[in-house]
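Trainee: Given only the sequences and the hints, what does the whole structure look like? Please build it.
Number of protein chains: 2
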Amino acid sequence: MSAHPFDAAVALQPQADGTFLGHTSAAYANMVGPFGGVTAAQALNAVLQHSQRLGDPISLTVNFAAALDDGPFIVSVRPARTNRSTQHWVIEMQQNGETVLTGTAFFGLRRETWGADEHTMPDVPAAAEVPRATGPARVEWVKRYEMRFAEGAIPVEWSGTDQGVSRTRLWLRDDPPRLLDFASLTALSDVFFPRVWSRRPLLVPIGTVSMTVYYHADNALLQRTGSGHLLGQTQAQAFRNGYFDQTAQLWNQAGNLLVTTHQVVYYKE
Amino acid sequence: MSAHPFDAAVALQPQADGTFLGHTSAAYANMVGPFGGVTAAQALNAVLQHSQRLGDPISLTVNFAAALDDGPFIVSVRPARTNRSTQHWVIEMQQNGETVLTGTAFFGLRRETWGADEHTMPDVPAAAEVPRATGPARVEWVKRYEMRFAEGAIPVEWSGTDQGVSRTRLWLRDDPPRLLDFASLTALSDVFFPRVWSRRPLLVPIGTVSMTVYYHADNALLQRTGSGHLLGQTQAQAFRNGYFDQTAQLWNQAGNLLVTTHQVVYYKE
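As you go down the protein sequences, you meet chains A and B in turn. Under this note's numbering, the first residue of the first sequence carries the number 878, and numbering increases by one thereafter. Under this note's numbering, the first residue of the second sequence carries the number 878, and numbering increases by one thereafter.
Everything labelled a hint here was simulated from the structure, so no lab data went into it. Just so you know, not all the hints are guaranteed correct.
To be verified - Subject to a maximum C-alpha distance of 16 angstroms in a straight line, what follows is the list of computed EDC-like cross-link-like pairs (lysine to aspartate or glutamate): (1) A:1020 x A:1052; (2) A:1020 x A:1051; (3) B:1145 x A:989; (4) A:1145 x B:989.
Mentor: If you want it as structure tokens, here you go:
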């Protein structure tokens, strides 16, 4: 069995100085540089592989400081504070001595408590009943994901007319299917196409500048989810003078909320 | 005219080594340590006061690594990457050589573009028609804010019964009123009481571990808002095994969305 392209993409080599060496992946190439979701997953993976890591990810914030060049990069991670059951990490990614990503992560040991999913899964047709998005992918990374749009597909006419709303709901998973883990869940959190294209169909240049992921899933829930489809929902809250935000949720087919995530995105015009 | 307590609370003294010296504020004391909103504002303020700062805040993430002791602290901020019109900052706060806060911020120069507020202000009675919350404040910082709950006030009976929903809507502003700026807007983003107390009224121990603020307001909009009331709305998305998230929005009275913000919070039981 050959390795999944995602495993190859997020692989890191520990260096003698404690940093990790990685390489951008042609399989996940974007218009300029790599797909940001995989870059975020690579950043998280450095913490996951660190010998001093305690517990599982609860939150991750990554800031995209520059488009990565195709080629190698270095990830440095540092446990800034370790408490009894929690840990705070500082993350930085560099290429040729220049910072291309900054970030922080919070890890913790979970305990069983009372719980509830307040943002419940919206009512959409089952994944098998929603046709898979086809047609020519403009960028390579899109081919690594199966996407089935139940609402708010990528526009086919770029009219520039304000649609009044930017919501998208889709079933999605890795292609080929792959057992879910924290790294792939991180990348899946960034699969949504930019809300400004949805709200006002016009192919303006965009770029995510900061993304935060809150992990509500623990390892047991990831295992129960396996390689099944996830339902993703995303919507913008405000577009103003060059930046907009979008929030998103990812549920598994059983309706468990796995991730809530937010990002702020640069846009032109 | 005497200085506003908030100005005194967020004041920082530049040190010879490039760091900033601050001090926790008794006026904004919480149950244990200071109100996190003011700590976040102090962290942002170090960037705002830095001689190399470019533009205005677009996003801020702060991670609360430990409860601050009452007393002095040091904030170190570093411009990790400066582009033509954007800048990425790394933030760390220390007490007695130990990290108490990590963070990142993204600043940028804004340009006029097409825009829209997609998350519109909910329909609630005007601030003057909603009674101000009264009664004994359990903690000092709450007295520094005027709060008028239109929906989802702090429980009066701690029954422990699941309410099924955790939404709160309130008018809020500094007390005494103060002209809005990026620092006070940051603190106001953290005024909401924890959603676990709202969803399931039980005074379980809680603590914010990470907060992200997206600033949709620029200086001109802050000036137009002045010292008027803001409408805040907040709701949780998931409570699971020791951590829940809450999202929030802040609008001015004219209905402009100023901030969208998210946090993940530890809870016991």
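Trainee: Need the status of pair residue 1145 of chain B, residue 989 of chain A: alpha-carbon distance at most 16 angstroms?
Mentor: 9 angstroms, holds
Trainee: Check the hint pairing residue 1020 of chain A with residue 1051 of chain A against an upper bound of 16 angstroms on the C-alpha distance.
Mentor: Since the Cα atoms of residue 1020 of chain A and residue 1051 of chain A sit roughly 9 angstroms apart, the hinted pair holds (cutoff 16 angstroms).
Trainee: With a cut-off of 16 angstroms on the C-alpha distance, tell me whether residue 1145 of chain A and residue 989 of chain B pass.
Mentor: 9 angstroms, holds
Trainee: Can the restraint linking residue 1020 of chain A and residue 1052 of chain A be considered satisfied, given a maximum Cα separation of 16 angstroms?
Mentor: 7 angstroms, holds
Violation of the numbered hints given earlier is absent; every hint is satisfied by the structure.
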